[in-house]
Amino acid sequence: MNHYKGFGIAVLGAAMLLTVPGAAFAQTKGGDVVVGIVQAPPSLDAHVTTAQAARNVTLHLYETLFARNENAKPVPELAEGVKISDDGKTYVFPIRQGVKFHNGKELDANDVVASLERYRKIGASAPLLNAVDTVRATGPREVTITLKEIQSTFLDNLSSPRAPIAIYPAEEAAKPANQINYIGTGPYRFVEYKPDSHVKIERFDGYVTNPNAKGRDGLAGKKEVFLDSVTFRFMPEAGARNAALEAGEVHFLETVDGPTAKRLQSDKKYAVYKVLPFAFQVIKFNHAQPPASDVNFRLAVQAALDMEEVMAISYPDIYQMDGAWLYPGAAFYTKSNTEKYNQADPEAAKALLAKSGYKGEKLTFIVDNLRANTDTATVVQQRLKDIGINIELSVADWPTVSKLGFTPTGWNFWAHGYGIEPYEGPASVMAPWVNGTSQQKKDGKIDEFYAALTTTMDEGKRKQIFADFQKHMYDNAVAMKAGNYGLFQVSSAKLKNFEPSRIPRMWGVWLAQN
Amino acid sequence: MARFLTKRLAGAFVVLVLVSLMSFSIIWLVPGDPTAAFLDTSATPEQVERLRRELGLDQPIFIQMLEWYGRILQGDLGHSILLNRSVTAAILERLPVTLSLASIALALALLAGISAGIVAAVNHNRWPDQVVMTVALFGLSVPDFWLGIMLILLFAVKLGFFPTGGYVPLGEDPLGWLGSIFMPAMTLAVIQVGFIARMTRASMLEILNQDFIRTADAKGLKRMDIMLRHGLPNALVPVLTVAGIVAGALLGGAVIIEQVFSIPGVGRLIIGGILSRDYPVIQGGLLFLAVIYLAVNLVVDILYAFVDPRVRLE
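Chains as they are written, first to last, in my numbering: chain A, 1 to 514; chain B, 1 to 314.
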């Protein structure tokens with residue numbers, strides 16, 4: 001009889017186990033995941049750098065008052081929420097209770113004030129807080145920010161991951177750039193940084209999950225850590241990165257080339273992910289110099305190009321044809337006014353070119369040595385040759401090209417990606433063209449759009465302003481968007497529950513035992 | 001000997017001054033500055049200007065050059081913009097890595113190169129000679145970054161003998177250190193093996209045709225004795241000079257190999273400095289490599305003078 005009783009308990013137990021979701025079973029705590037990243041972060045002081053390599057690490061260590069959710073919308077993270085005054089100039093942020101820094105100290109309003117003040121002084125994207133008049137602690141856990149003027153994008157700015165407005169302990173926030181101890185409230189804590197080798201972070205057991213978070217949600221949400229530690233190895237050489245993955249020394253690569261991704265896709269030992277869209281490919285004109293100072297020349301180039309050809313050659317297997325100046329799914333995304341995208345009409349182009357002042361002189365296309373960008377430049381060069389435009393490529397490394405490209409002479413065309421701007425939203429997409437920064441000649445209309453977008457609180461009106469901006473970009477061929485491109489990311493099949501995103505998130509994932 | 005040394009030291013000093021001047025000037029001829037590493041394309045001109053001011057890049061070049069010389073005369077190579085620490089400290093931290101890589105590569109290259117050269121010379125115009133010379137030609141022709149990747153694929157991915165990259169400090173795990181350094185050192189050595197083998201072979205062939213070798217042979221000495229006791233020591237004198245050149249080339253080659261094998265050495269520091277226009281790192285790194293190169297060549301010159309008295313007389 002006892003045997004039957006035991007059997008009955010076993011059956012009951014098995015039945016209960018089967019009712020538990022499968023994923024909960026597989027979750028295992030422990031293990032060190034090694035992530036292969038291309039570049040070393042220039043700094044782990046999140047305030048002072050906009051480098052992608054730094055964001056990859058720092059967004060595991062630090063948190064912000066508001067952070068972007070899966071749809072890049074700002075949602076509360078260290079703040080419980082926000083109360084905005086009727087005049088739109090006062091923001092009151094209640095701070096979450098019980099949040100701990102890695103040094104054990106509890107987060108309070110003074111830490112937030114000190115961090116925001118530091119960012120205003122030395123932040124790599126300090127203009128994000130240009131509208132701020134005062135930042136005050138109005139309670140032990142309450143911060144009040146007053147703005148000089150209405151800024152509809154203020155919460156977008158506060159939650160920007162570009163150079164995150166990370167909240168540090170007040171004593172760290174008092175230190176100059178690059179001289180802080182890396183202490184935040186994030187789900188991982190800093191362990192070591194070996195220059196030119198790796199950064200190691202480990203699970204912060206004192207981490208307090210946002211009680212309002214339902215699950216993993218972009219850079220906000222529930223940040224549950226199963227891994228003991230994560231090591232970000234700096235591996236500049238693509239072949240060596242791939243080899244390390246295949247030898248089992250690395251569990252995740254933030255980017256792999258298309259052929260390698262295809263090869264590994266059929267192998268059960270790996271999981272291949274697409275982060276698409278990751279960025280726009282944009283071809284810029286120098287408006288300060290003829291012939292691109294003439295709108296007819298720019299329109300001729302826009303009419304001539306076959307953007308599908310540009311994208312298929314530059315980003316084979318990982319591109320989207322899309323003329324909108326935001327990512328699909330974004331709140332302000334619209335396809336209206338994009339009819340002039342991807343015309344591939346050489347006859348129309350020749351007619352427009354004839355109206356311009358271009359006389360066949362040699363033009364300079366500057367481009368950095370990233371393969372996809374030189375491919376874009378080469379395709380554009382060949383296509384424009386067909387309508388009689390004579391282009392010479394000038395290829396150099398990124399610091400050289402980016403220095404030259406922000407001066408009014410020495411170049412006519414420049415192609416590169418815009419990744420973080422469309423992710424941040426419409427104001428960030430417009431910002432590079434404000435004051436003529438990217439096109440080297442002020443465009444009053446764009447400046448007006450930008451001012452209106454950032455000072456109008458009504459969302460419907462703001463959407464219309466962005467649609468008008470998009471129309472202006474095409475009607476005047478201010479610059480040309482070629483399409484959206486993505487990244488292939490590859491992980492070992494042992495890394496479970498990973499979801500691709502522009503920052504490889506090491507929360508919510510675990511390592512399978514075998 | 002004192003005169004010889006003084007002349008050599010004076011020459012080295014002049015070279016050093018020229019190198020320091022060149023390393024300062026070259027980077028100013030290349031466009032771009034470190035702001036590109038910190039800021040992205042959306043940075044406003046005001047942001048770029050502010051960062052340039054903070055980094056001291058708004059000063060006239062002449063002032064910057066005077067400051068640079070003032071500092072190096074005090075043994076200070078400056079402060080890295082990106083690493084936010086002294087360049088000297090950054091170099092010294094990575095120096096053991098590069099030195100261990102270069103010295104193991106040198107030992108491997110000398111061992112394999114001299115042995116292969118002897119085998120080729122002894123078997124002049126026979127098949128071992130042709131095999132050695134063909135392999136040496138291959139070693140000289142193959143690009144080191146390509147060879148590095150091939151070796152990683154074979155020995156790390158397929159066979160799993162070595163790690164694919166990275167570095168384990170000697171003090172942490174001696175066996176791990178050897179495992180992490182052996183394959184990059186081998187890659188680095190391959191090109192130099194060919195060079196040393198060809199030099200040793202040529203030098204040996206010249207010596208083997210000398211009268212004293214013929215005399216030794218006539219005296220009835222064993223062939224092996226003639227080679228090792230009379231031939232090799234004389235043939236190695238020019239190889240000593242080659243070893244100096246090779247040591248310098250290995251330091252230069254380490255720049256690429258450290259990148260391929262993700263080894264945190266001085267070479268990778270300099271490449272990172274170049275890509276991010278971290279001027280003090282580039283200037284300090286180049287000057288430092290030049291000093292090592294000069295020191296190695298000075299030592300070789302002195303040794304040469306010891307083993308070959310004719311050099312001193314000249």
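Some clues are possibly wrong.
Here are the simulated lysine-lysine pairs, DSS-like style, with alpha carbons at most 27 Å apart [what the hints assert, rightly or not]: (1) A:K355 x A:K385; (2) A:K268 x B:K158; (3) A:K494 x A:K268; (4) B:K158 x A:K269; (5) A:K494 x B:K158; (6) A:K222 x A:K262; (7) A:K262 x B:K219; (8) A:K496 x B:K222; (9) A:K89 x A:K463.
Derived from the structure by calculation, the hints contain no laboratory data. Computed from a predicted model, the values in this text were never measured in an experiment.
Checked hints:
Proposed proximity of K355 (chain A) and K385 (chain A) is supported: the alpha carbons are some 17 Å apart, at most 27 Å. For the hint pairing K268 (chain A) with K158 (chain B), the CA-to-CA distance comes to about 17 Å; that is within 27 Å, so the pair holds. Restraint check for K494 (chain A) and K268 (chain A): satisfied, since their Cα atoms lie roughly 10 Å apart, inside the 27 Å limit. Using a Cα cut-off of 27 Å, the hinted pair K158 (chain B) and K269 (chain A) holds, with the two alpha carbons roughly 15 Å apart.
Simply put, K494 (chain A) and K158 (chain B) have alpha-carbon atoms about 20 Å apart, close enough for the 27 Å limit, and the pair holds. At roughly 32 Å between alpha-carbon atoms, K222 (chain A) and K262 (chain A) are farther apart than 27 Å, so this suggested pair is violated. Of the supplied pair hints, the one linking K262 (chain A) and K219 (chain B) is violated, its CA atoms being roughly 71 Å apart against a limit of 27 Å. With a CA separation close to 70 Å, the supplied pair K496 (chain A) and K222 (chain B) exceeds the 27 Å bound.
The suggested pairing of K89 (chain A) with K463 (chain A) holds, with an alpha-carbon distance near 21 Å, which does not exceed 27 Å.
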